[in-house]
Amino acid sequence: MPDLKTLVLGQKEAADLDDEHELPHELMTVNMGPSHPAMHGTVRIVLSVDGERIVKGDIQPGYLHRCFEKEAEHATYTQVFPYTDRLNYVSPMINNVGWAMAVEKLLGLTGELPRRAEYVRVIVSEVSRITDHLTCVGASAMELGAFGPFLFFLKAREWLYTLLEEVSGARLTHTYVRVGGVSKDLPDGWVAKLLHRLDELAPVMVEVETLLNNNKIFRDRMAGIGAFTREEALRWGCTGPVARACGIDYDVRKDHPYSVYPDFEFDVPVGTTGDCYDRYLVRIEEIKQSMRILRQACAQLPDGPTMVDDPRVALPPKRDAYNTIESMIRHFKHIVDGVRVPAGEAYCFVEGGNGELGFFIVADGTGRPYKAYCRSPSFVHLSTCQQLILGHLIADVVPIFGMINMIGGECDK
Amino acid sequence: MLELVTTKLEDVANWGRKFSLFSYPFVTACCGMEFMSVAAPKYDIARFGAEFPRFSPRQSDLLMIVGTITEKQGPALKRVYDQMAEPKWVIAFGVCASTGGFYQNYHAMPGADQVIPVDVYIPGCPPRPEQVLDALILLQERVARRDGHSQLRLKREKIVLEQARAREDD
Amino acid sequence: MSQKVLDALRAKFGDAVVATESQHGDEVALVKRDKLVAIATWLRDDPAMAFEVPVFVTCIDLLDWRPVKAPGQPSSTRPAWDNVDGKAPRFEVCWQLRSFSRRHRLRLKVALVENDLKVASLTPLWSGFDWQERETFDMYGVEFQGHPDLRRIYLYDEFVGHPLRKDYPKEKRQPLVRRSDLVGDH
Numbered sequence: 001m002p003d004l005k006t007l008v009l010g011q012k013e014a015a016d017l018d019d020e021h022e023l024p025h026e027l028m029t030v031n032m033g034p035s036h037p038a039m040h041g042t043v044r045i046v047l048s049v050d051g052e053r054i055v056k057g058d059i060q061p062g063y064l065h066r067c068f069e070k071e072a073e074h075a076t077y078t079q080v081f082p083y084t085d086r087l088n089y090v091s092p093m094i095n096n097v098g099w100a101m102a103v104e105k106l107l108g109l110t111g112e113l114p115r116r117a118e119y120v121r122v123i124v125s126e127v128s129r130i131t132d133h134l135t136c137v138g139a140s141a142m143e144l145g146a147f148g149p150f151l152f153f154l155k156a157r158e159w160l161y162t163l164l165e166e167v168s169g170a171r172l173t174h175t176y177v178r179v180g181g182v183s184k185d186l187p188d189g190w191v192a193k194l195l196h197r198l199d200e201l202a203p204v205m206v207e208v209e210t211l212l213n214n215n216k217i218f219r220d221r222m223a224g225i226g227a228f229t230r231e232e233a234l235r236w237g238c239t240g241p242v243a244r245a246c247g248i249d250y251d252v253r254k255d256h257p258y259s260v261y262p263d264f265e266f267d268v269p270v271g272t273t274g275d276c277y278d279r280y281l282v283r284i285e286e287i288k289q290s291m292r293i294l295r296q297a298c299a300q301l302p303d304g305p306t307m308v309d310d311p312r313v314a315l316p317p318k319r320d321a322y323n324t325i326e327s328m329i330r331h332f333k334h335i336v337d338g339v340r341v342p343a344g345e346a347y348c349f350v351e352g353g354n355g356e357l358g359f360f361i362v363a364d365g366t367g368r369p370y371k372a373y374c375r376s377p378s379f380v381h382l383s384t385c386q387q388l389i390l391g392h393l394i395a396d397v398v399p400i401f402g403m404i405n406m407i408g409g410e411c412d413k
Numbered sequence: 001m002l003e004l005v006t007t008k009l010e011d012v013a014n015w016g017r018k019f020s021l022f023s024y025p026f027v028t029a030c031c032g033m034e035f036m037s038v039a040a041p042k043y044d045i046a047r048f049g050a051e052f053p054r055f056s057p058r059q060s061d062l063l064m065i066v067g068t069i070t071e072k073q074g075p076a077l078k079r080v081y082d083q084m085a086e087p088k089w090v091i092a093f094g095v096c097a098s099t100g101g102f103y104q105n106y107h108a109m110p111g112a113d114q115v116i117p118v119d120v121y122i123p124g125c126p127p128r129p130e131q132v133l134d135a136l137i138l139l140q141e142r143v144a145r146r147d148g149h150s151q152l153r154l155k156r157e158k159i160v161l162e163q164a165r166a167r168e169d170d
Numbered sequence: 001m002s003q004k005v006l007d008a009l010r011a012k013f014g015d016a017v018v019a020t021e022s023q024h025g026d027e028v029a030l031v032k033r034d035k036l037v038a039i040a041t042w043l044r045d046d047p048a049m050a051f052e053v054p055v056f057v058t059c060i061d062l063l064d065w066r067p068v069k070a071p072g073q074p075s076s077t078r079p080a081w082d083n084v085d086g087k088a089p090r091f092e093v094c095w096q097l098r099s100f101s102r103r104h105r106l107r108l109k110v111a112l113v114e115n116d117l118k119v120a121s122l123t124p125l126w127s128g129f130d131w132q133e134r135e136t137f138d139m140y141g142v143e144f145q146g147h148p149d150l151r152r153i154y155l156y157d158e159f160v161g162h163p164l165r166k167d168y169p170k171e172k173r174q175p176l177v178r179r180s181d182l183v184g185d186h
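Chains as they are written, first to last, in the working numbering: chain A, 1 to 413; chain B, 1 to 170; chain C, 1 to 186.
Calculated from the structure, these hints are not laboratory results. Treat the numbers as computed from the prediction; the structure is a model and nothing was measured. In this text, a Cβ means the ideal position worked out from N, Cα and C, and glycines have one as well. Wrong hints could be hidden among the right ones.
Straight-line C-alpha distance at most 30 Å; calculated BS3-like pairs for lysine-lysine [stated by the list, open to error]:
id, chain 1, residue 1, chain 2, residue 2
1, C, 69, C, 87
2, C, 170, B, 78
3, C, 4, A, 254
4, B, 78, A, 56
5, C, 69, A, 333
6, C, 170, A, 333
Now the stretches of chain B that chain A is said to cover, found in silico as 3 or more residues with beta-carbon under 8 Å [stated by the list, open to error]:
id, segment
7, 40–48
8, 125–139
Please put together the full structure from these sequences, using the hints given.
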């Protein structure tokens, strides 16, 4: 029984058609970026495509290289905090905490902080983590055509920004944490406001999950796209939600506990398939776990100072600085020379919004870092994309990038 | 008489332009988070008729430079600007796009105006959404007054052309 | 914490490990350049070591390294290379490794002198070091031999020099494009 093509076209024409199919064809080169609407931040991809399939993708970051390391070498340890804010600008508080902890490690202050300071750090970090995941999921959903979740999540993010603004004075770039504690205590009644907002956030999560989880279009574009095996993820150095979606239960908060995280009960969500849909589910679940940590932290929040009582890192009280010459000189030296950190080197890491965020500092005994290096999870994850996008359609680049959550400032430093 | 008619016509066109700015968000960095907030429900840039981001430079008339411009990014920015049709307006969103801010180093450009002309600079790192809306109102006034950089340039070129023609007539 | 990693490393490779130290809970091993790949392969494949995860690569420029003793602080404990082939080293390349199954970490270091900035790439062992080594090449000019695709990653090809070296001025820009009325050929 001849097939349909042969019946319709006749024997000869059908053979010609098959010949045509086997003609050698050229790959097409498509340029994506650096200013592309569906790219978080700016990154350029030079794609070689065979029809719609990606054969090779050359990802070129660096369009937002703002020289964090060079700037940090020229700033005092305290002046670096604003630069860390702008690394992962979606969750600045976690960057602040990471930098502060790295300097404290060199100073030998790890574990010496007042408990209230540690709790406040955990609270602001977790609020930041929620904003990070809200932005990531909201923006990715928008890029796939679901505008509703974006608006819902941005509304919720606005509540959290307002809360963080009350704490630090800035909506986005907080510079709230200091070496040895935090710059100021939480305002009165803030904890009650936070709990109120968490209660309001829960129904928003339900709304968005109802909209997305079983949405046919959303699932078709996410499930099975950009999958990673467990071994590949380890070899590429993936951490955070990307690694957890592959089934690697690595969370710095659990595996190398820092601050007061051992005090809280929370789960580390892991996926099974390692594709974009699992990454989405892991992020959604992490928001809920962060809310759980926040509720516990608010309930257990101890009283006390929020700055370690150590003249090396703490500013003298304002009253003394204005009234005694010694305190004024100390204040001046502290600001101009910076915190004097003993010579040595240390690598300190925290669980950032995207994974293991580390700072590697080489100190030479002065008030400025000799070298400061940031191990940014986005950079590591973006490098895996060269592998992830192979064999997928051009349209699949968008969900892959969305769920890798490449943050320009962090990736390009 | 003809001059009066064309002037009035342009005023009408400018009135229309100022309430229907199609923006091209050239989002590079942190300020993009605040740009999202400006577009989102609470601040809602739609109230000022500039809600619709056009991700194609050829269809937009307002270039919003949102975030740090680096030396590597410069050629791309210039290209996007050149692709936009006249008349066009440019807003530098945030201190990085205005002057480079506290990024004064080998790779961060000291302000987008090193590459393209800018109409309105918004300070702040990042600016609050209210500031952005304020800048938009400021720009709308300039559009209505025909004070945008491309409008002024067109005016200047017209004058130069007329002077050249007058010299030829002599 | 993982002192036993350093002990095992010394026992296995002896002279190839120049020095080891534990500081602030970080384990550091300074190794000889020509033994780097052998040591790294062993670290990855030995079941007791099992360093499967690459963490980061960076480099330290020792050009201005003159540590100061901070008041009330002990003096530097950072190990210094006396010399490499009779010369004072200028760069130290660091690879940070992590073991997911064994929960320990290690930083490998190799010292390089200024005129001979060549070191074996560890990308064939851990694919995650691909971009990290490119970044180090971009910023410091260290040439990783055996790297599949060694070119600039953050900066553009026209850029001359390596900006994170201590002798590169912070504000020395190399513009690609400027407005014609600013350049002056208007």
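Structure-based check of all given hints:
1. 69(C) - 87(C): Holds, because 26 Å separates the two Cα atoms, which is no more than 30 Å.
2. 170(C) - 78(B): holds, 25 Å
3. 4(C) - 254(A): holds, 23 Å
4. 78(B) - 56(A): holds, 28 Å
5. 69(C) - 333(A): holds, 17 Å
6. 170(C) - 333(A): Satisfied, since the Cα-Cα distance of roughly 25 Å is no more than 30 Å.
7. 40–48: holds (count 3)
8. 125–139: holds (count 3)
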